[in-house]
Amino acid sequence: MSLSNELWAANQDLAKACLDHPFVQGIGDGTLEQVKFAYYVGQDAFFLETFARAYSIAAAKAPDWLGFTTFHNLASEVLKELQLHSGYAYQWGVNLHSVEPASATRRYTDFLLATAWTGDVGLTAAAMSPCMRLYVFLGEQLADNGIPDHQYADWIRTYSSTDFQPLAQQLENLVDNCATTNSVVHSTYRYAMFCERDFFQAAWILEPSA
Amino acid sequence: MKTYILATAAFLTTISLTTTVQAANSEHVRQLLATKQCQNCDLTSAGLVMADLSGANLSGANLTGANLSRANLSGADLRGANLSGASLFGVNLSEAKFSGANLAGADLRNTYLTNAELTGAYLNGTNFQGAVGIPSQIASPEDFYAWGVAEAQKGNQQQAISYFNQAIAIKPEYAGAYLARGVARYQILDRQSAFQDAQVAEKLFTSQNNNPGTQTAQAFIKELQTPVNEKVSTGKPSFIDFLGSLGSVLLQFLPF
Numbered sequence: 016m017s018l019s020n021e022l023w024a025a026n027q028d029l030a031k032a033c034l035d036h037p038f039v040q041g042i043g044d045g046t047l048e049q050v051k052f053a054y055y056v057g058q059d060a061f062f063l064e065t066f067a068r069a070y071s072i073a074a075a076k077a078p079d080w081l082g083f084t085t086f087h088n089l090a091s092e093v094l095k096e097l098q099l100h101s102g103y104a105y106q107w108g109v110n111l112h113s114v115e116p117a118s119a120t121r122r123y124t125d126f127l128l129a130t131a132w133t134g135d136v137g138l139t140a141a142a143m144s145p146c147m148r149l150y151v152f153l154g155e156q157l158a159d160n161g162i163p164d165h166q167y168a169d170w171i172r173t174y175s176s177t178d179f180q181p182l183a184q185q186l187e188n189l190v191d192n193c194a195t196t197n198s199v200v201h202s203t204y205r206y207a208m209f210c211e212r213d214f215f216q217a218a219w220i221l222e223p224s225a
Numbered sequence: 066m067k068t069y070i071l072a073t074a075a076f077l078t079t080i081s082l083t084t085t086v087q088a089a090n091s092e093h094v095r096q097l098l099a100t101k102q103c104q105n106c107d108l109t110s111a112g113l114v115m116a117d118l119s120g121a122n123l124s125g126a127n128l129t130g131a132n133l134s135r136a137n138l139s140g141a142d143l144r145g146a147n148l149s150g151a152s153l154f155g156v157n158l159s160e161a162k163f164s165g166a167n168l169a170g171a172d173l174r175n176t177y178l179t180n181a182e183l184t185g186a187y188l189n190g191t192n193f194q195g196a197v198g199i200p201s202q203i204a205s206p207e208d209f210y211a212w213g214v215a216e217a218q219k220g221n222q223q224q225a226i227s228y229f230n231q232a233i234a235i236k237p238e239y240a241g242a243y244l245a246r247g248v249a250r251y252q253i254l255d256r257q258s259a260f261q262d263a264q265v266a267e268k269l270f271t272s273q274n275n276n277p278g279t280q281t282a283q284a285f286i287k288e289l290q291t292p293v294n295e296k297v298s299t300g301k302p303s304f305i306d307f308l309g310s311l312g313s314v315l316l317q318f319l320p321f
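So the protein sequences, as listed, match chains L and X.
Numbers 16 to 225, taken from the numbering used here, label the letters of the first sequence in order.
Numbers 66 to 321, taken from the numbering used here, label the letters of the second sequence in order.
Here chain X stands alone, though its shape is the one from the complex:
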């Protein structure tokens, strides 16, 4: 009999658990849209795609798994909100407040983060790729470097250069970032700036006793010194081949 009760209890628990995974409280969704005031609301898995929520008060709200793609959350108060697993792709988050918010595993790709307050937010596994205006205190130079390499591989050299700039701004002795920025500049035919970056990279690699780094930078400098019209007759593998495997070469400079 006891076993039967336990089994029933377990069964009922399962049922109530599955019902709690239900979507947002629809009255809370309406309240949010009508008033932009929704402190501590239950907005779990709410569909708020492209919604205008600028300046909304969502502090302490539960937005777990919500879909906010391309919504406008500029200036929104999201302090202490739970956004774990939420999709915020392409969202305008400029001047939004996130202190104490949980953004674990949230998708913040292509967001606008200018003046967003992310200090004190929980950012484990948050995806910031392609985001504009990422505050330097929330990402490591290596993060910026990796995003830059990813953008360069997609052919977005300007975006890549912007990431390498951010990596260098935080870590001025980041030789790999100089080299990578030089290559990206080379790809958009800015040979002069590329050359300057290559020289800085070589100097830094040498002072850091990084032989592969020094050699790569030197190969790059040699390529940049070779006049364009002589390239066809060199017979040697040119730096173009090096560029062909750009990602893998640059990625080896990631750890430092």
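One chain only, chain L, in its complex shape:
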């Protein structure tokens, strides 16, 4: 089993906890309160800016050209995703320029940046991978019976689309090629999974800014 699959398999409990989370289920059946989704859009935009930075740090640290271009392209894709968010933000009345990060957001972004500045590209890829793999999983699961017709259909469509899945795969290839199986990689990946779960929880309870 590849390292990326091994890491994903070892964290099925947290993947399931995210899928079963009332926030995610609320997106799935369209019943999530709009104020919670708007909160999430703002926090996610803040998060994605850090995610792009972490990719760029890893790109700069990549020992070979293939690694550099892959991380660089992944950063570009995040910028596209952010554009999608600015569309959402307008729709949901969120001002992305005045978003203050909540504690859960800040903890996640600080962790990613510290990992990117401290670790090698394999460890950074392992820290970033849960976000991508989890969203592929959530998109697939929520679109299992076809994409529903409700206010959050765009979100489900984005993450279940065949455009998104290859990006997660590229990042997992970097995990497989650059990271080694050890306790630091395992604990880093799992910590990111906890951050993902807490991110949904923060949006669910509308956690105040840090």
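I should point out that these hints are in silico values taken from the structure, not numbers from a laboratory.
Hints are not guaranteed to be accurate.
[Stated by the list, open to error] Ranges between beta-carbon positions, derived for each pair:
| id | chain 1 | residue 1 | chain 2 | residue 2 | range |
| --- | --- | --- | --- | --- | --- |
| 1 | X | Gln202 | L | Ala24 | 55 to 65 Å |
| 2 | L | Pro223 | X | Gln202 | 35 to 45 Å |
| 3 | X | Asn221 | L | Pro37 | 54 to 64 Å |
| 4 | L | Leu94 | X | Leu254 | 38 to 48 Å |
| 5 | X | Gln194 | L | Gln185 | 40 to 50 Å |
| 6 | L | Ser118 | X | Gln104 | 16 to 26 Å |
| 7 | L | Ala25 | X | Ser119 | 29 to 39 Å |
| 8 | L | Ala75 | X | Asn274 | 53 to 63 Å |
| 9 | X | Arg256 | L | Ser91 | 51 to 61 Å |
| 10 | L | Leu94 | X | Ser119 | 25 to 35 Å |
| 11 | L | Asn20 | X | Asn221 | 51 to 61 Å |
| 12 | X | Pro292 | L | Ala75 | 51 to 61 Å |
| 13 | L | Ser118 | X | Leu254 | 44 to 54 Å |
[Claimed, not checked] According to the in silico footprint, chain L covers these stretches of chain X (three or more CB under 8 Å from chain L):
| id | segment |
| --- | --- |
| 14 | 92-104 |
| 15 | 107-118 |
Built from N, CA and C at the ideal position, the CB exists for glycine as well.
With chain L fixed as given, assemble chain X onto it according to the hints.
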């Protein structure tokens, strides 16, 4: 056989030594970022660039070689921490506590040190260039003077003047600092203040029996007394030439 064991032991020691040079304990890094509580943590070579660590408790932490560039450490407790060789470029260290900390060889250029407590810190080879609010008890007047000259050479006259002010504040009889401040003021076209500094410098140099100093100050006074429109026709090397080699001229006043 004994030799073989010794060689093996030496080899194993080498291996364990190289593994101890590894980066920070990643659990400690997460603990720090999540809670800002990290007493005695192992953060060796941690990458904490731009991290928000304001008010963090890092007392006794090992931050040897850590990269904290542009982080926010305002009000952080770094008492007894080991920051030797760490990069703190551009860090906000206002009101941070450093007593008993080891800052040997640390890079504190362009830091903000307003109300930072550096008394009792080990500061051998710490680089404070460009730092704002350096407490006067941790730097000598000569340090301030040298930083001022370096800033003036880069064209940062205001910053240079601020350093010369600090040198003079600690050592009011520092003739070279008056002269240097006068030149920096002259360069930003403040001729009146430059003239006052030149006069004080000349008086101090004379009372200290420093002939080269007196002569330089007098040359500067003469330059300042010469109306701007007469300069072209003097035919003599003007003080502008002196300014051209400003650094080397001013640096000769460093030792006193």
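Verification of the supplied hints:
no. : hint                            : in the structure
1   : X:Gln202 / L:Ala24: 55 to 65 Å  : holds, 59 Å
2   : L:Pro223 / X:Gln202: 35 to 45 Å : holds, 41 Å
3   : X:Asn221 / L:Pro37: 54 to 64 Å  : holds, 57 Å
4   : L:Leu94 / X:Leu254: 38 to 48 Å  : holds, 47 Å
5   : X:Gln194 / L:Gln185: 40 to 50 Å : holds, 43 Å
6   : L:Ser118 / X:Gln104: 16 to 26 Å : holds, 21 Å
7   : L:Ala25 / X:Ser119: 29 to 39 Å  : holds, 35 Å
8   : L:Ala75 / X:Asn274: 53 to 63 Å  : holds, 58 Å
9   : X:Arg256 / L:Ser91: 51 to 61 Å  : holds, 55 Å
10  : L:Leu94 / X:Ser119: 25 to 35 Å  : holds, 29 Å
11  : L:Asn20 / X:Asn221: 51 to 61 Å  : holds, 56 Å
12  : X:Pro292 / L:Ala75: 51 to 61 Å  : holds, 56 Å
13  : L:Ser118 / X:Leu254: 44 to 54 Å : holds, 52 Å
14  : 92-104                          : holds (count 5)
15  : 107-118                         : holds (count 8)
In summary, the structure agrees with every hint in the numbered list given earlier.
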